[in-house]
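Asks: Residue numbers (numbering that gives the first Met the number 0), protein chains in the order written: chain A, 0 to 221; chain B, 0 to 221.
Mixed in with the good hints there might be a few duds.
Which copy is meant is left open, because identical chains are indistinguishable; a pair holds if it fits in one copy or across any two.
To be verified - Each computed DMTMM-like pair below joins lysine to aspartate or glutamate, with the alpha-carbon atoms no more than 25 angstroms apart:
1. LYS53 / ASP112
2. LYS186 / ASP112
3. LYS53 / ASP66
4. LYS215 / ASP91
Keep in mind that the hints were calculated from the coordinates and are not lab data. All values reported here derive from a predicted model rather than from experimental measurement.
Protein chains: 2
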Amino acid sequence: MPRQTPKSEATRQRILAAALRVFRERGFDAATMREVAAEAGVAVGAAYYYFASKDAIVMAFYQQAQDEMAPALDDILDSARTLEQRLRGIIDQKLEYFAPNRALVGTLSAHSDPAHPLSPFGKATAPIRERDISYFARAVADSQLRLPPSILPYLPRLLWLYQMGLMLFWVYDRSPRQARTHLLFSKTLSMMLLVFKFAAIPLLKPLHRTAAELLKEIYGDA
Amino acid sequence: MPRQTPKSEATRQRILAAALRVFRERGFDAATMREVAAEAGVAVGAAYYYFASKDAIVMAFYQQAQDEMAPALDDILDSARTLEQRLRGIIDQKLEYFAPNRALVGTLSAHSDPAHPLSPFGKATAPIRERDISYFARAVADSQLRLPPSILPYLPRLLWLYQMGLMLFWVYDRSPRQARTHLLFSKTLSMMLLVFKFAAIPLLKPLHRTAAELLKEIYGDA
Numbered sequence: 000m001p002r003q004t005p006k007s008e009a010t011r012q013r014i015l016a017a018a019l020r021v022f023r024e025r026g027f028d029a030a031t032m033r034e035v036a037a038e039a040g041v042a043v044g045a046a047y048y049y050f051a052s053k054d055a056i057v058m059a060f061y062q063q064a065q066d067e068m069a070p071a072l073d074d075i076l077d078s079a080r081t082l083e084q085r086l087r088g089i090i091d092q093k094l095e096y097f098a099p100n101r102a103l104v105g106t107l108s109a110h111s112d113p114a115h116p117l118s119p120f121g122k123a124t125a126p127i128r129e130r131d132i133s134y135f136a137r138a139v140a141d142s143q144l145r146l147p148p149s150i151l152p153y154l155p156r157l158l159w160l161y162q163m164g165l166m167l168f169w170v171y172d173r174s175p176r177q178a179r180t181h182l183l184f185s186k187t188l189s190m191m192l193l194v195f196k197f198a199a200i201p202l203l204k205p206l207h208r209t210a211a212e213l214l215k216e217i218y219g220d221a
Numbered sequence: 000m001p002r003q004t005p006k007s008e009a010t011r012q013r014i015l016a017a018a019l020r021v022f023r024e025r026g027f028d029a030a031t032m033r034e035v036a037a038e039a040g041v042a043v044g045a046a047y048y049y050f051a052s053k054d055a056i057v058m059a060f061y062q063q064a065q066d067e068m069a070p071a072l073d074d075i076l077d078s079a080r081t082l083e084q085r086l087r088g089i090i091d092q093k094l095e096y097f098a099p100n101r102a103l104v105g106t107l108s109a110h111s112d113p114a115h116p117l118s119p120f121g122k123a124t125a126p127i128r129e130r131d132i133s134y135f136a137r138a139v140a141d142s143q144l145r146l147p148p149s150i151l152p153y154l155p156r157l158l159w160l161y162q163m164g165l166m167l168f169w170v171y172d173r174s175p176r177q178a179r180t181h182l183l184f185s186k187t188l189s190m191m192l193l194v195f196k197f198a199a200i201p202l203l204k205p206l207h208r209t210a211a212e213l214l215k216e217i218y219g220d221a
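If we strip away everything but chain A, and leave its shape as in the complex, we get (with noise of 0.2 angstroms):
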């Protein structure tokens, strides 16, 4: 990491926008450095020294589009009263902020395999991945949710994993503006909190048992 003065901050951040526009020009798999540093305005040496690749570069925008969208997710978590409220907007506030960039996320999509440093679901990007599910934890924390106790810790990672799977969806999208997407989210979202207000029916319960015998196995103790 370069040492952090004013000014190699503001280099830094000039050229991961140039890189920005860049991926969205020519695509992230055909773009290069070199084009990167050239759109920047700086030389191509100048760039490695901020970004030792262009995976460096996306490590970097995941972690900008983190700090850029914390206060407006802090404001979505302290006005919502409702779980609906909190779950919509925080999703909503995802995809809007990344409509201008989503033939980048689209790429990166690809990498669900853990192994990858670009996965969301790999040892790299745990940090970014806990800070997601952090907000999905404040959304949950005074909901006053009805579920098993078996099953409520492990509810912050699941719902953050619906998030993902509706942003693969939202990814390869090419209805207008997305309205399959929005669709989607929608009714899936009233379903969950159908599922989340019948979830005390003690007929349910064998469900139960299985879900939390099945989430204690693949996340560990809560």
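Starting from the structure of chain A, add chain B where the hints point.
Replies: Then chain B, alone, in the frame of chain A:
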């Protein structure tokens, strides 16, 4: 398509088998048609005569897989009595068949974009997909499921999607003998069957309505 004589069909088969060996050893992305031809003991021109590209080989692999699995899948559907046994049989058969080429299937799983010619969700693979979905239709056919008529016709497609999700987990599952996938399969299958059992509860009617609306919008009329 080259004219099919017994000899040309044998050569085509030999090239396909050689290609799968080369993909396993070198990885799909790194492998070249030249290497495939050398492994098959044919001229590069001959390899291109049978397969226009590596993608065409993959499509032939999909088709061959379906043809080779058909007798086993027919057996399972004829002999298994319950929906659980049938679904377990169909999906276990797929995982077993694809196991030697799990890395190749992993490479291909990056093509979630329906516009990619090898995407399981795209137009080019529609005949393979429809044939695959027909096995799930047969599994459901006389299982006496009491799902609402607004949802039941979509079930084969949803079960196929469930299979695709499991396979995506499986291709990146590094646990010994993919034990985590088998656990995920077993637990989610139990949960799904419980959900089917409880689906007829009148209390859950609002859930049916929303689900039916969504399915109709996404898939069109059943």
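Asks: Treating 25 angstroms as the Cα threshold, decide for LYS186 and ASP112: within, between, both or neither.
Replies: Between copies only: 22 angstroms across, 29 angstroms inside.
Asks: Within, between, both or neither: how does the pair LYS215, ASP91 come out at a Cα-Cα threshold of 25 angstroms?
Replies: between (30 angstroms within a copy, 23 angstroms between copies)
Asks: For LYS53 vs ASP112, is the C-alpha pair at or below 25 angstroms within one copy, between two copies, both, or neither?
Replies: Result: close both inside a copy and across copies, 18 angstroms intra and 22 angstroms inter.
Asks: At most 25 angstroms between CA atoms: does that hold for LYS53 and ASP66 within a copy, between copies, both, or neither?
Replies: within (20 angstroms within a copy, 42 angstroms between copies)
Comparing the model with each earlier hint shows no violations; every hint is respected.
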